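Visitor: What follows is each chain in one-letter form.
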Amino acid sequence: GNSVTQMEGPVTLSEEAFLTINCTYTATGYPSLFWYVQYPGEGLQLLLKATKADDKGSNKGFEATYRKETTSFHLEKGSVQVSDSAVYFCALRDNNDMRFGAGTRLTVKP
Amino acid sequence: NAGVTQTPKFRILKIGQSMTLQCTQDMNHNYMYWYRQDPGMGLKLIYYSVGAGITDKGEVPNGYNVSRSTTEDFPLRLELAAPSQTSVYFCASSYGTSLSTDTQYFGPGTRLTVL
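Chains as they are written, first to last, in the working numbering: chain A, 34 to 143; chain B, 29 to 143.
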């Protein structure tokens, strides 16, 4: 079946540090891959997505590349800000099946 | 534009009680979804709907029921609440004919505790 495995947190970084959150997936078909972000007390918001192998999704300085050979979709940002503090979820969608990782809490300190 | 709204925000139930979680979207989206989020876990899909009158089970449907009589509303019903249903429930909606590429918009969530 389909599943998503995500780097466990929490992750604490200083402002302007480089961020990587690892995400790997297992899928029976050809899924689309997503990163969602959840700020305290709010629902999830789409951060970026990629729909096929080698696609790169990017938004707000974050980026992730759909790697079919390693079944990965790692999230990166070159210089994090305090406002990036949130929980990040990797997810896949394979037709009607939607799967989420457990989430990684990021805290960025000034 | 309100997006996806959910009521109530918080609720405490006793074991065996029933309740309905309300979800409304004003974006004219065809697809709607219910998820639960347990502490430290990702979201799990309970039920989804691809249009008015059509619903289908997700990964964890047991103990829940849904209906979709209008495009805007997608209520989730718990008939006999159990402690295992203590969770945060999120409703979401999406627009698009391609299920593999649409973007989901989430409501703020309902925090449910069953004691």
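Worth double-checking, as some hints may not be accurate.
Only some residues are given here: those of chain A computed to face chain B with a beta carbon under 8 Å [what the hints assert, rightly or not]:
hint : residue
1    : Y72
2    : L81
3    : D88
4    : V120
5    : F133
6    : G136
SDA-like, lysine to any residue: derived pairs with alpha carbons at most 25 Å apart [claimed, not checked]:
hint : chain 1 : residue 1 : chain 2 : residue 2
7    : B       : K37       : A       : Q78
8    : A       : K85       : B       : N58
9    : B       : K85       : A       : E41
10   : A       : K89       : B       : D101
11   : B       : K85       : A       : N129
12   : A       : K85       : B       : L140
13   : B       : K85       : A       : K89
14   : B       : K85       : A       : K142
15   : B       : K72       : A       : L46
16   : A       : K85       : B       : D101
17   : A       : K142      : B       : I40
18   : B       : K85       : A       : V141
19   : B       : K42       : B       : D130
20   : B       : K37       : A       : V120
21   : B       : K85       : A       : T84
22   : B       : K85       : A       : K110
23   : A       : K93       : B       : G70
24   : B       : K72       : B       : L140
25   : B       : K72       : A       : G74
26   : A       : K89       : A       : E41
27   : B       : K85       : A       : K93
28   : A       : K85       : B       : V78
29   : B       : K72       : A       : Y99
30   : A       : K93       : B       : K37
31   : A       : K110      : B       : I43
32   : B       : K42       : B       : N58
33   : B       : K37       : A       : K142
34   : A       : K89       : B       : G70
35   : B       : K85       : A       : A135
36   : B       : K42       : A       : T84
37   : A       : K85       : B       : G70
38   : B       : K72       : A       : K142
39   : A       : K110      : A       : N129
40   : A       : K93       : B       : G31
Everything labelled a hint here was simulated from the structure, so no lab data went into it.
Just so we're clear, the structure is a prediction, and the values are computed from it rather than from any experiment.
Yeah, the Cβ is synthetic: ideal placement off N, Cα and C, and Gly gets one too.
Visitor: For every hint, state whether the structure bears it out.
Guide: Outcome of the hint check:
Given the 8 Å rule on beta carbons, the hint for Y72 of chain A is violated: about 11 Å separates it from the nearest Cβ of chain B. The interface hint given for L81 of chain A is broken, as the beta carbon of that residue sits about 10 Å from the closest beta carbon of chain B, more than 8 Å. Here the hint on D88 of chain A is broken, as its CB sits about 11 Å from the closest CB of chain B, past 8 Å. Residue-level restraint check for V120 of chain A is violated (minimum Cβ-Cβ distance to chain B is 10 Å; threshold 8 Å).
Taking 8 Å as the C-beta contact cut-off toward chain B, the hint placing F133 of chain A at the interface holds, the least distance being around 3 Å. Because the smallest distance between the Cβ of G136 of chain A and any Cβ of chain B comes to about 6 Å, under 8 Å, the interface hint for this residue holds. Under the criterion of a C-alpha separation no larger than 25 Å, the hint pairing K37 of chain B with Q78 of chain A is consistent with the structure, at around 18 Å. For the proposed pair K85 of chain A and N58 of chain B, the alpha carbon gap of about 24 Å is at most 25 Å, so the pair holds.
For the hint linking K85 of chain B to E41 of chain A, the alpha-carbon distance of about 29 Å lies beyond 25 Å, and the restraint is violated. As the CA atoms of K89 of chain A and D101 of chain B are separated by approximately 35 Å, the hinted pair breaks the 25 Å bound. Between K85 of chain B and N129 of chain A, the direct Cα distance comes to roughly 10 Å. Compliance with the 25 Å bound is thereby established for this hinted pair. Only pairs whose Cα atoms come within 25 Å are accepted, and K85 of chain A paired with L140 of chain B is rejected, the gap being roughly 37 Å.
Taking the CA atoms of K85 of chain B and K89 of chain A, the gap is near 31 Å; set against the 25 Å cutoff, the hint is violated. Straight-line distance between C-alpha atoms of K85 of chain B and K142 of chain A comes to about 42 Å, which puts the hinted pair past the 25 Å bound. A hinted pair counts as satisfied when its Cα atoms are at most 25 Å apart, and K72 of chain B with L46 of chain A does not qualify at roughly 29 Å. Taking the CA atoms of K85 of chain A and D101 of chain B, the gap is near 32 Å; set against the 25 Å cutoff, the hint is violated.
As the CA atoms of K142 of chain A and I40 of chain B are separated by approximately 35 Å, the hinted pair breaks the 25 Å bound. A C-alpha spacing of about 38 Å is found between K85 of chain B and V141 of chain A, which places the hinted pair above 25 Å, so the restraint is violated. As the CA atoms of K42 of chain B and D130 of chain B are separated by approximately 38 Å, the hinted pair breaks the 25 Å bound. For the hint pairing K37 of chain B with V120 of chain A, the CA-to-CA distance comes to about 20 Å; that is within 25 Å, so the pair holds.
A hinted pair counts as satisfied when its Cα atoms are at most 25 Å apart, and K85 of chain B with T84 of chain A qualifies at roughly 24 Å. With a C-alpha separation of about 36 Å, the suggested pairing of K85 of chain B with K110 of chain A is violated against the 25 Å cut-off. Proposed proximity of K93 of chain A and G70 of chain B is supported: the alpha carbons are some 23 Å apart, at most 25 Å. Annotation: proposed proximity of K72 of chain B to L140 of chain B holds, straight-line Cα distance about 15 Å (limit 25 Å).
Only pairs whose Cα atoms come within 25 Å are accepted, and K72 of chain B paired with G74 of chain A is accepted, the gap being roughly 18 Å. The straight-line distance between the Cα atoms of K89 of chain A and E41 of chain A is roughly 23 Å, inside the 25 Å bound, and the hint therefore holds. A threshold of 25 Å between alpha carbons decides the hint, and for K85 of chain B with K93 of chain A the separation of about 34 Å lies outside it, so the pair is violated. For the hint linking K85 of chain A to V78 of chain B, the alpha-carbon distance of about 23 Å falls within 25 Å, and the restraint holds.
Straight-line distance between C-alpha atoms of K72 of chain B and Y99 of chain A comes to about 22 Å, which keeps the hinted pair within the 25 Å bound. Our distance criterion of 25 Å between C-alpha atoms is broken by K93 of chain A and K37 of chain B, whose separation comes to about 29 Å. Straight-line distance between C-alpha atoms of K110 of chain A and I43 of chain B comes to about 45 Å, which puts the hinted pair past the 25 Å bound. Proximity of K42 of chain B to N58 of chain B is assessed by CA-CA distance (about 34 Å); at most 25 Å being required, the pair is judged violated.
A threshold of 25 Å between alpha carbons decides the hint, and for K37 of chain B with K142 of chain A the separation of about 30 Å lies outside it, so the pair is violated. Between K89 of chain A and G70 of chain B, the direct Cα distance comes to roughly 23 Å. Compliance with the 25 Å bound is thereby established for this hinted pair. Proposed proximity of K85 of chain B and A135 of chain A is supported: the alpha carbons are some 21 Å apart, at most 25 Å. For the given pair, K42 of chain B sits about 43 Å from T84 of chain A by alpha-carbon distance, which is inconsistent with the 25 Å threshold.
For the given pair, K85 of chain A sits about 23 Å from G70 of chain B by alpha-carbon distance, which is consistent with the 25 Å threshold. Proposed proximity of K72 of chain B and K142 of chain A is contradicted: the alpha carbons are some 31 Å apart, above 25 Å. Pair hint K110 of chain A plus N129 of chain A does not hold up; C-alpha atoms about 30 Å apart against a cutoff of 25 Å. The hinted pair formed by K93 of chain A and G31 of chain B meets the criterion: a straight-line CA distance of about 22 Å does not exceed 25 Å.
Hint compliance for this structure: hints 1, 2, 3, 4, 9, 10, 12, 13, 14, 15, 16, 17, 18, 19, 22, 27, 30, 31, 32, 33, 36, 38, 39 are not met, and every other hint is.
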